[in-house]
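K.L.:
Below, each chain spelled out in residue letters.
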Amino acid sequence: MSLDNLHVDALVVGGGIAGMQSALDLGDQGFQVALVECEPSIGGKMITLSKVFPTLDCCSCITTPKMSAVAHHPNIKLFTYCDVQSVQEADGGYRVNLVQKPRYVDASKCTGCRECEYACPITVPSPFDRGLGAYRTIRVPFSTAVPQVAVLDMDYCILCGKCEKVCAAKAVDFNQQPEPFEIQASTLVVASGFELTPLGAKKEYGGGKLRNVIDPLMMERFLAPTGPYGRVLRPGDGKEPTSIAYVQCAGSRDTTLGIEYCSRVCCMYAIKQAMLISGALPLAEITIYYMDIRTFGKGYEQFYQNAQAMGVEFIRGKVASIREDDDQNPVVKVELTEEGRTIERTHDLVVLSLGMVPVPGSNTALNLPLGSDKFIAIPAPNASPCATAHPGIFVTGAAMGPMDIVDSIVTASSAAAAASAYIREHKKEAVYA
Amino acid sequence: MAHSDKPKQPKILILATLAGGYAGADATGQVHLDYPANTYILPVMSPVMFPPEFFLRAFERGIDAIIIMYSGTDSPYKVEADGTASLVNRTYTLMKTRGIDIRRLRLAAICTVCVKPFLKEVNQMADLLKGIGFVKDEITAPAAAQAKGA
Amino acid sequence: MPENTPNPESPAPVEPEEIRVGVYTCHCGGNISHVVQCERVAKMVGKLANVAVSRTDPSFCSDAGQAIIEQDIKELGINRVVIGACAPSLHEQTFRGAVTRAGLNPYLYHHVGLREQDSWVHASDEEGATEKAMRLMAAGVAKARLLDPLDPIRLGAEKQALVIGGGVAGLRAALDIARQGIRVTLVEKSPFLGGRMAQLESIFPTDEKPRQLLHDLIQAVTAQVGITIFTQAEVTGVSGYVGNFSIQVTQHARGVSPEMAEALTAACTQETPDPFNYSLTRRKVIYQPYPGCYPAAPAVDWQHYDGQPIQVNGKSIVLQDDALVHELIAGAIVLATGFDPYEPRQGEYGYGELSQVITLPQLIRHMALVKNGETLTWNGHPVRSAAIIHCVGSRELDGVHEPQADGQVNNYCSRVCCTASLHTALEMRQRFPRLNIYELYQDIRAYGRGHEEIYRHTQNAAVRFVRYHGDDGPKVIAAPKGDPYPVLVQVKDYLTYGEEIEIPVDLVVLAVGMMPRQVDDLVNMLKISRGADRFLLEAHPKLRPVEMAVRGIILAGTAQGPMNIQESLAAASAAAAKAASLLSLGKVELPPFVARVDPAKCNGNGACVTACLEEGAIALQTFVENGVEVQRAVVTPANCTGCGACVGACPNRAIDVQAWTLAQYDAMVDAIAMDWPELVEVEK
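Protein chains in written order, with our numbering: chain A, 74 to 506; chain B, 4 to 153; chain C, 3 to 686.
No wet-lab data here; the hints were simulated from the structure.
Take the hints with a grain of salt, since some may be wrong.
To be verified - Covered stretches of chain C, as calculated for chain A (at least 3 residues, CB under 8 Å): (1) 409-416; (2) 442-448; (3) 544-554; (4) 583-593.
From the three backbone atoms N, C-alpha and C, an ideal C-beta is built for every residue, glycine too.
Pulled out of the complex, with its shape left as it was, chain A reads as follows (with noise of 0.2 Å):
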């Protein structure tokens, strides 16, 4: 990969499944881009799902298919492990200073071998899988990644050099440098996600504290046949757990929290992951503790009619607090708003149904204008959805709310055919088959 000066239609900012079909869409056009993502691969948060809703669709093998599409598109060019530093209007479009972070792997050379992941002997926990795996401090970031290079990390080697001696490639480099390039693109979509809200936020949860309290991102890992245990397990001792509680709206829809707003995703990922534990565990209890169940989207009530129907619990009710029992049991207490009283339940895992909140940092370089819920604004919903308050730059997935995978991937194209006509109009030499 080069990083001398580039010149492209459109920049992409993210790799999940909204940058990537913003990218496709605009390379299917004949626009030359570039997506840029800051992790090692692109895959974004769903390619760490295990089935996604309504159809239950196998998850990896929706989101792969676009990113082998991505990394083999001629219109496309990639840049991983790359961060936006800053954004300038610049000759009618924008120039985009970035930084090629060190992978301490010449990208160029490595194969995707893993012969110096299987040498390496330290193991730090796997992000991937919330921490509930281990990979080695150099690995290929997972099995389906892309592009399939190795990337060290440095503040967990012991440079003890056993990877470089096994490299046949020769492709381990302990002198990589950040390498600054930039990029000069007519317009830029955003596409930078979102984060979980953090799992300690609520205080009287016991996230973070409480063993056998999770977050929803850790149980997709539990679910995925890729994940690293292949089953559900308490992470506190392993025990298979046989009753298991939701608690929604944990993270959203609080104002003690400062997060106001409805995460729009976390009643259908809790049914649906509900739904998965049941066939995982047929014999496993599921409550799923709310106060409005808001299955909106297409096929989504149904989804919602058939989780009732196969015997998973919802009770409507304000949890109050969870502490821990003797046996690392975590303890309901909830205000069943039904029948006026509070009770106390014990289950053995609780996931917290945490909610979207903005990727940290990630508007640092572009410094667009947010909204009160700090998520890139949109000046006028109602008549263009994907545009930012700067011309020519346009938001599209989480980055603007809240948002489950269809509707990201619609607003993905609609990003796309606003960036791709303002390309048009504003720049006429635009490369067009």
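Fit chains B and C to the supplied structure of chain A, relying on the hints for placement.
P.N.:
Just chains B and C now, with coordinates in the frame of chain A:
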């Protein structure tokens, strides 16, 4: 070779639609659920493409059972649901004339996430074959069956 | 019209090349090799006829692995490739790319799934898994020997699109497509653009004025080069396929000339209930729905005009509908046919029986007719107390709710009604501060950006919330004579622990859901599908969320399912992106898996034509062979789905689906059925 001593296994051919059974088989793989290895899955666009003679030929060549895993009414093809059912019925008639136990041919609707139905079909057929044995014994052995068909 | 693949004057037979198969058994980083003895498989397969090389690798999908295959093609003259690896859904495209890069036709490659369908499901039987892998790979080689090079079906694509529906989604789609340099014809059934959005007064969450937004959008559409608008027009015929649809549009006359419009409108006396105000008011049969509508000229409501002459300046004028027929071509069709509000059944929550029961869309129109500063009245009585019932015609349950004429209940959520109800309640509290409002709901679904704030404001604005259960909904009855309020709403309120309450009200407002607009004729003409909810069905909610299974037919807005305006706009722009991807390059490529007739074997018996259920996919045509007229089947690849119904039906084995031929299946069966000693022999 060590395995040459191993008893010969009956063979189950599975014709699975890309939109249904083939994806269902992949889904079964993704959850790592075991089933007998004497199962050979071939992807098909839709089973309506096969004439009944195809199945007879396969039995004659030594395929002991065939499961058609189609998409039924969920098929992307309008013709699949009724067309396949009709095909199977016509094939049953021909199988009877050749003395082939019609239980050797099964039609099952399997979707992309039908892990349990997939396993049920495969295991049932494997069990059946343990009872009724190889198709070649059936076709070639009793002349009576031949005569009955003629 | 693309060239029909089978042609009696077939091309000269090509020199048969030597088949050299390269076989690649992937370890999949141990995923396969931990169970299947890959080296044994590779060795055994390597001995099969035509196999020139048989290799294993830790991962053939890696760049290094792909490079091995590419090198073999270039250096060893490999001209058929068989790869045994993970499921084809994962990496078939990857390898097809590698094969293409090496200069080989991508369809000379066959993928065998050894992971999901072997190693991962036979972990306890390594020997069985290995034998299975051998047989599957042998079958792959058998198929590969019979593979032919294929090219995708390339169709010229008209750089023109048809958009059906002139509401907000259709307008947005038309504008965004035209901005990509593709000409658009926009067809709207009614005489005016704007659709349902024009009937709203304020849009959540921004409180913008919908008719102003529409005005701006319509202005952009009419100013955009390349958009032709037909109002009072309907699609009355469609033929062809993606890239090249022929479309017939029938357009009714506006009925009044611009110079006569004012006089005729003034003189017209015939009136009809005004659908713009949901029949709350009446209007003339020569009409404009609202001031500022587009086009501004009045039009005749042909459905209701009684044909009687209208007297103008002493002249007696009978209005004439001289319909025009337009013939168009388009490469893609965008369906933006929109929704209708659910029409409650007679007696549903008292609707149609008690005059105080109306729908939310009616309330919105009614409030628009109340001047600022006036009090809200209904039937001439001031409204002191109103109940809004949520989920009417939405979230219905089988066995609880009465099915509609088609036997279905609406078990979907209509997505917009919660926030629309809250937003309306808030407006009522602001405009009529003394009005008591009750919201009777199951779950408040204020999911969108800024919606939860509306919910909170509504709670703070002293709107009272009552939560009911879907299987035990509210009952609306007439109050006994002498009661201070005309109507009682009885409901079990689960916010007060299931207490039975009775709410006396002057007005009951049913927050009705969305139903798809009646489009039976389009569904039949375009051969498209509807889902169980009767909305038009996308091909796949994530892979192709705004496209239909029929290629070239794209969805925009509420034709697909309930959406709010912002969502309709996004979906419409997404539809435009798909139309542009399809058409901007001027050509469409389809996979080559379609039926192909061998004219030498075809005797024109037509069994294939009878068997085929796809419109226009296969037909008999007359050819002259040696001076004799003969019938031969001819496939139109663009309309063929490759199901193979014709293949099974042909008594002469004259048809095959390309890349999925019967001969290939026979060969694969033979390889799988190979006798045990035979396999062992090969392996030795």
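K.L.:
Compare the structure with each hint and give your call.
P.N.:
So, going through the hints one by one against the coordinates:
Residues of the segment 409-416 of chain C with a Cβ under 8 Å from some Cβ of chain A number 3, which satisfies the need for three, so the listed coverage holds. Closer than 8 Å: that is the beta-carbon criterion, and the segment 442-448 of chain C has 4 residues meeting it against chain A, so the requirement of 3 holds. Chain A is given as covering the segment 544-554 of chain C, and this holds because 4 residues of the stretch bring a CB closer than 8 Å to a CB of that chain, at least three being needed. With a cut-off of 8 Å between beta carbons, the segment 583-593 of chain C has 3 residues touching chain A; three or more are needed, and the interface restraint holds.
Consistency note: the structure conflicts with none of the earlier hints.
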